[in-house]
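**Student:** Modelling step: build the complete structure from the supplied sequences, incorporating the hints.
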Amino acid sequence: MQRLAYILAYPLIWLISILPFPVLYLISDAVYVLVYHVIGYRKKTVRKNFKLALPHLTEKEKLVLEKRFYHHFCDSFLEMVKTLNITDKQINERFVFTNFDVIHEMEAEGKSVSVLIGHYASYEWLLLMHTRLKNPNFKGYGIYKPIKNVYFDRLVKKMRGRFNAELVGIKEIIPLMRKNAREGKMGFYGFITDHSPLLSAAIHWGNFFGQEVPIQLGGEMLSKKIGLNMAYAKIEKVKRGYYQCTFIKVEGDIKQIPNYDVTDGFMRMLEEQILKDPAYYLWTHKRFKHRKKQNQKD
23 MQRLAYILAY PLIWLISILP FPVLYLISDA VYVLVYHVIG YRKKTVRKNF KLALPHLTEK
83 EKLVLEKRFY HHFCDSFLEM VKTLNITDKQ INERFVFTNF DVIHEMEAEG KSVSVLIGHY
143 ASYEWLLLMH TRLKNPNFKG YGIYKPIKNV YFDRLVKKMR GRFNAELVGI KEIIPLMRKN
203 AREGKMGFYG FITDHSPLLS AAIHWGNFFG QEVPIQLGGE MLSKKIGLNM AYAKIEKVKR
263 GYYQCTFIKV EGDIKQIPNY DVTDGFMRML EEQILKDPAY YLWTHKRFKH RKKQNQKD
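Note that my numbering has the sequence shown beginning at 23, numbered continuously upward.
Hint data in this document are derived by calculation from the structure and do not stem from the laboratory.
Some clues are possibly wrong.
Claimed, not checked - Simulated restraints, written as ranges between beta carbons of each label pair: (1) Asp275 x Leu41: 41 to 51 Å; (2) Pro77 x Ile29: 39 to 49 Å; (3) Lys82 x Phe231: 12 to 22 Å; (4) Gly183 x Glu115: 18 to 28 Å; (5) Asp275 x His312: 43 to 53 Å; (6) Thr109 x Leu297: 26 to 36 Å; (7) Asp275 x Thr109: 38 to 48 Å; (8) Lys271 x Asn186: 20 to 30 Å; (9) Asn281 x Glu115: 33 to 43 Å.
To be verified - Computed list of lysine-lysine pairs in DSSO-like fashion (alpha-carbon distance at most 27 Å, straight line): (10) Lys156 x Lys179; (11) Lys193 x Lys247; (12) Lys308 x Lys89; (13) Lys201 x Lys247; (14) Lys207 x Lys156; (15) Lys314 x Lys66; (16) Lys246 x Lys167; (17) Lys193 x Lys311; (18) Lys167 x Lys259; (19) Lys167 x Lys179; (20) Lys111 x Lys156; (21) Lys73 x Lys247; (22) Lys167 x Lys180; (23) Lys298 x Lys73; (24) Lys311 x Lys167; (25) Lys65 x Lys261; (26) Lys298 x Lys261; (27) Lys311 x Lys170; (28) Lys70 x Lys167.
Being a predicted model, the structure only gives us computed values, none of them experimental.
Just so you know, even glycine gets a beta-carbon here, dropped at the ideal spot from N, CA and C.
**Tutor:** Next comes the structure, spelled out in structure tokens:
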């Protein structure tokens, strides 16, 4: 059944991936109508998140924001599909790094690096950074949750692997990082940090939009244990289909920084960025599903 689903879907995916961007966004506009007005994909989750995170907005403002978010959501999905056949010229024009010298400086230090990332703007295209590394001893790794359908999982790996990054499953990353450290291999590891961790695995609770929620600590804790450099990736949407990324290095010896400070700092930066333009955050994600009881207002 998995193979059949893939065989039926792949021709359409491939066809979409070869379309020019203006046509791609016309399709995205049509998909928006289907996803938002017909299916109503995860509207309850989005509205609950708005209620918790953006209580200062009026109902009219939330409705405008909701529609802007779904337009961006559909664009992001089709941009990910486009990755299958996007040209080097197109991706380099549409995803710009403002200060990649920060990454080159960390490469020169000869230590592996972990980069904390949020679900904002085009976090998928950030994988382009791995094509810019100068040191041949460095390898880029993107950490992800494998798809149950093995055929689509392979396709996702193929798309993201075009940028010289190797996708590594969540359960595989710790053994890999330890192995690389033992063998003296250098890596850039990208950690999506605003996922909601399993409640059973929550060891630190922090403030995010006024809600006390469990915080994902994998990037920071592994970096401390192994002795990695760290950076934040601040991704912004310039206009439709165009993005830029600025790296913010975590200064000092990561092992000497108090536990949780680095991740809490990233979450504050992400919240500030979201508040400037909430439409580009992934509101279908259940970030507030675990909250301390005293903060529950719904």
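**Student:** Hey, Lys311 versus Lys167, does the alpha-carbon distance stay inside 27 Å?
**Tutor:** 19 Å, holds
**Student:** Does Lys314 pair with Lys66 here, judged by a C-alpha cut-off of 27 Å?
**Tutor:** 21 Å, holds
**Student:** For the pair supplied as a hint, Lys70 and Lys167, confirm whether the alpha-carbon distance does not exceed 27 Å.
**Tutor:** 24 Å, holds
**Student:** Using the C-beta atoms of Pro77 and Ile29, is the stated range 39 to 49 Å upheld?
**Tutor:** The hint (39 to 49 Å, Cβ to Cβ) holds, given that Pro77 and Ile29 are roughly 47 Å apart.
**Student:** Falls inside 18 to 28 Å, the C-beta gap from Gly183 to Glu115?
**Tutor:** 21 Å, holds
**Student:** Would the pair Lys308 and Lys89 pass a check requiring their Cα atoms to be no farther apart than 27 Å?
**Tutor:** With a Cα-Cα distance of about 18 Å, the restraint between Lys308 and Lys89 holds, given a limit of 27 Å.
**Student:** Would you mind confirming whether the straight-line C-alpha gap from Lys246 to Lys167 stays at or under 27 Å?
**Tutor:** 23 Å, holds
**Student:** Next pair to validate is Lys111 with Lys156; report whether the Cα-Cα distance is within 27 Å.
**Tutor:** 19 Å, holds
**Student:** Confirm or reject the claim that Asp275 and Leu41 have a C-beta distance inside 41 to 51 Å.
**Tutor:** 49 Å, holds
**Student:** Please check whether Asp275 and His312 have a Cβ separation lying inside 43 to 53 Å.
**Tutor:** With a Cβ separation near 32 Å, Asp275 and His312 fall outside 43 to 53 Å, so the hint is violated.
**Student:** Under the criterion that the straight-line Cα-Cα distance not exceed 27 Å, is the pair Lys65, Lys261 satisfied?
**Tutor:** It holds: about 25 Å lies between the C-alpha atoms, which stays within 27 Å.
**Student:** Measure nothing beyond the straight line between the CA atoms of Lys207 and Lys156; if it is 27 Å or shorter, mark the hint as holding.
**Tutor:** Within the cut-off at roughly 15 Å; holds.
Consistency note: the structure conflicts with the earlier hints numbered 5 and 21.
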